[in-house]
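All chains should be built: construct the whole structure from the sequences, respecting the hints.
2 protein chains.
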Amino acid sequence: MVERRRPIKVNEAIERVMRFKRTGSTQFIEIEDSYGHFLGEDLIADHDVPFFDRSPYDGFAVRSKDTAHASRENPISFEVIGEIGAGSVFEGPIGNQQAVRIMTGAQIPDNCDAVVMLELANEYEADGKAMFDLKRSLKPGENISFTGEDTKKGTVLAKKGTYINPGIIALLATFGYRKVPISNSPVIGIIATGSELLEVDAELEPGKIRNSNAYMVLAQIKRAGGIPYYLGQFSDDFDTCYQQVHEALEKVDILITTGGVSVGDYDYLPAIYDKLGANVLFNKIAMRPGSVTTVAELGGKLLFGLSGNPSACYVGFELFTRPMIRAFLHNKKPFLKKEYAILGADFKKPNPFDRFVRGHLTFEYGKLVANPVGLDKSNVVTSLGQADIFIQLPGGTRGYEKGMEVVVLLLEDQEGTIYDDFASKGLKVRGRINHG
Amino acid sequence: MVERRRPIKVNEAIERVMRFKRTGSTQFIEIEDSYGHFLGEDLIADHDVPFFDRSPYDGFAVRSKDTAHASRENPISFEVIGEIGAGSVFEGPIGNQQAVRIMTGAQIPDNCDAVVMLELANEYEADGKAMFDLKRSLKPGENISFTGEDTKKGTVLAKKGTYINPGIIALLATFGYRKVPISNSPVIGIIATGSELLEVDAELEPGKIRNSNAYMVLAQIKRAGGIPYYLGQFSDDFDTCYQQVHEALEKVDILITTGGVSVGDYDYLPAIYDKLGANVLFNKIAMRPGSVTTVAELGGKLLFGLSGNPSACYVGFELFTRPMIRAFLHNKKPFLKKEYAILGADFKKPNPFDRFVRGHLTFEYGKLVANPVGLDKSNVVTSLGQADIFIQLPGGTRGYEKGMEVVVLLLEDQEGTIYDDFASKGLKVRGRINHG
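Protein sequences, first through last, are from chains A and B. Per UniProt numbering, the first sequence runs over residues 1 to 436. Per UniProt numbering, the second sequence runs over residues 1 to 436.
What the hints contain is simulated information worked out from the structure, not anything from laboratory work. Careful: at least some of the hints might be erroneous.
Said to hold, decoys possible - Short derived list, chain B residues pointing at chain A, Cβ under 8 Å:
1) K129
2) T151
3) G154
4) V156
5) V187
6) K222
7) G385
8) Q386
Don't be surprised by glycine CBs; every beta carbon is placed ideally from N, CA and C.
As structure tokens, then:
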């Protein structure tokens, strides 16, 4: 006999999960190792940029008043009395019609207030002295990058929880972060269940498949920013199995099981939740694939029961587990980036529930195009390799046609979406894209 | 006096670099560790998927001929004589109007050829036997996933050089890759030059800046798929410096220096190339920023002399070094992904040379929009943290206006572009995007 479950909406499921979001601790690591982590504190400028008035070009530092009468008809001669390499400072006084050769980035001498670009200086030698002629006047401040012009000391340049890309690393180095504050990643346990599962290196047998979900989820955890902790395959014995889950919970921040949540006679994860005394947040979602995705909570810790079907497992992780991981990392936009696209092919399947079709995103002359990959049966594993989006097709329709506007969720993005935008925006909005 | 250099076009520079591309060796690593690497061999299906005829649903396996006369008016009764869990095989014979309970994914018994979905079976008990009534007929093959329907044994599912994402991992596990063939990453040495450079944790001094380029490039190397090897800051002494480069070349596949390539009196990298006997491929490119980017070759090994300006250094790496790294990894599309977008803000600066403006990509109702970040001075470091695209603005114009179509290069993408598309496509194409 079949247990009857009451499906809830995707957004309701997300809300129930996110009520238990936690943020993790932070630590300092070497700047060399910080790429790909998430900032554990705001990144703050520890000094003005530039830190001193500097030259943006190779040229000659001068006093602008000495150039006031220079013109094509009346070139003015300057004597070059020294030079300033990058990193050096010119100490001496600079007098009437004197100049100092200056390199890009070097500090402007105290009593100079303009820089003559190399191209405008006609250089020559006279009486063993380096000289140049100038045929135009310069305004005070001309060709000078002023202190603080780019950034003022104290400016927050990136928020806590920001993904650390190479540009952020440049900022960290500029502002003296030899050690970088990062958000500690949550440890996510994975247990695979299913008596049909073989180890990856096992020979195939009738009725069996190799365990692919555990390794896939392990990579999804890394992509989301977590630390995977693979606990192996479940025992078939209920008591051993209960003990395994119980012990696993001590070691991890979040526990994922794959399989064992269908309404089949062999799926005893619900019984384990029961014996643990865990609070089941939901066990059925009005979506395809992944309708059997189950989430339970025990002492504030979440147990994600993902489907045993690879595509359903993949979708369940990205919709429900990923935002918990990103929130733990102090990221302010923990949900998948949500955008509009044109559907690149018909998807005629009638659609009683919201559907998340694995797709590949292309850009065609500046427009986003969403192409479904594979057959979209929930057990089709071969399409997952090409997937970099979910195409979110609301339920209650007879199918979708090429050229229609759809919502897509980006899987390889580091920027994300805040919850309000993720949940509310444009599931059924139409006609905003000009198809011309 | 200023050395005169002859600038070459960006594409010409890329071609000169790519003439020296090499591909690396491969090795096998554990599947758990393979996320984010690049395949070292084609990924091939070692068996049909499904491997056996299986049920896509929970239901009852039957012989379709027994259902031929079933209708609403004439329901036919079936006796349930056993059950098949996932991973099990049913061995017994199945006779007239008999059925076997079957779980999703389980193997269809030998003499059955259809599956009754649970929803269509009215289950009951009679004389202690499990029974159900069926009110419609089934065709032979109905609700069966046939052997090889998804994928045939021997199919190439992903090409050598493909980025390993979570979906690819699922495929690797499914097809028995306990050990995964990956492309070995090239080792990229980095030497920072510049007497103005302070260590990251040093107090600021007049005229000096902290060394940010080395750490930034280190992260760019990781993003591209290489292994960075930081060799520290250069000596100011020419002979020591020459010796450092000479020794570094023994240890790395590619050597990057930052700074020291301008036409300033203090930039002696050209002299080092000369003493090494290296063949300078170019030392000036008609582009901004990064016009001083210099590349030399010695015994087939490349020395990238990137600019000391952070933005110029960043751009030079992505345009010239990244494709060498991706090619080494056997990737077939080693260049940055190139797409069209709408310019999101005016960029009025006159443009004698091709310009690569750091930008941030947004999607507005299904269209790509390119937003310049920062002031776009080549020494503005603070804009790099937000950059995820270059906006490629061809030279010879008076500036660009909001709403114009531009070409963008995507920095955070793993898919890439082949050379012909990268080099030839649409630098000056206009009007393809409907602005309506």
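Consistency of the hints with the structure:
A cut of 8 Å between beta carbons decides the hint on K129(B): the least distance to chain A is about 15 Å, and the hint is violated. The beta carbon of T151(B) comes within 5 Å of a beta carbon in chain A, closer than 8 Å, and the hint placing it at the interface holds. Interface restraint check for G154(B): the shortest CB-CB distance to chain A comes to about 13 Å, outside 8 Å, so the restraint is violated. Taken as an interface hint, V156(B) does not check out: its beta carbon lies about 11 Å from the nearest beta carbon of chain A, beyond 8 Å.
A distance limit of 8 Å between C-beta atoms decides the matter here; for V187(B) the minimum to chain A is near 15 Å, and the interface restraint is violated. Using the Cβ-Cβ criterion of 8 Å, the hint placing K222(B) at the interface with chain A is satisfied: the shortest such distance is roughly 5 Å. Interface hint status for G385(B): upheld, as the beta-carbon distance to the closest one in chain A is roughly 4 Å, under 8 Å. The interface hint given for Q386(B) is met, as the beta carbon of that residue sits about 7 Å from the closest beta carbon of chain A, less than 8 Å.
Figure legend: structure checked against the earlier numbered hints; hints not met, in rising order: 1, 3, 4 and 5.
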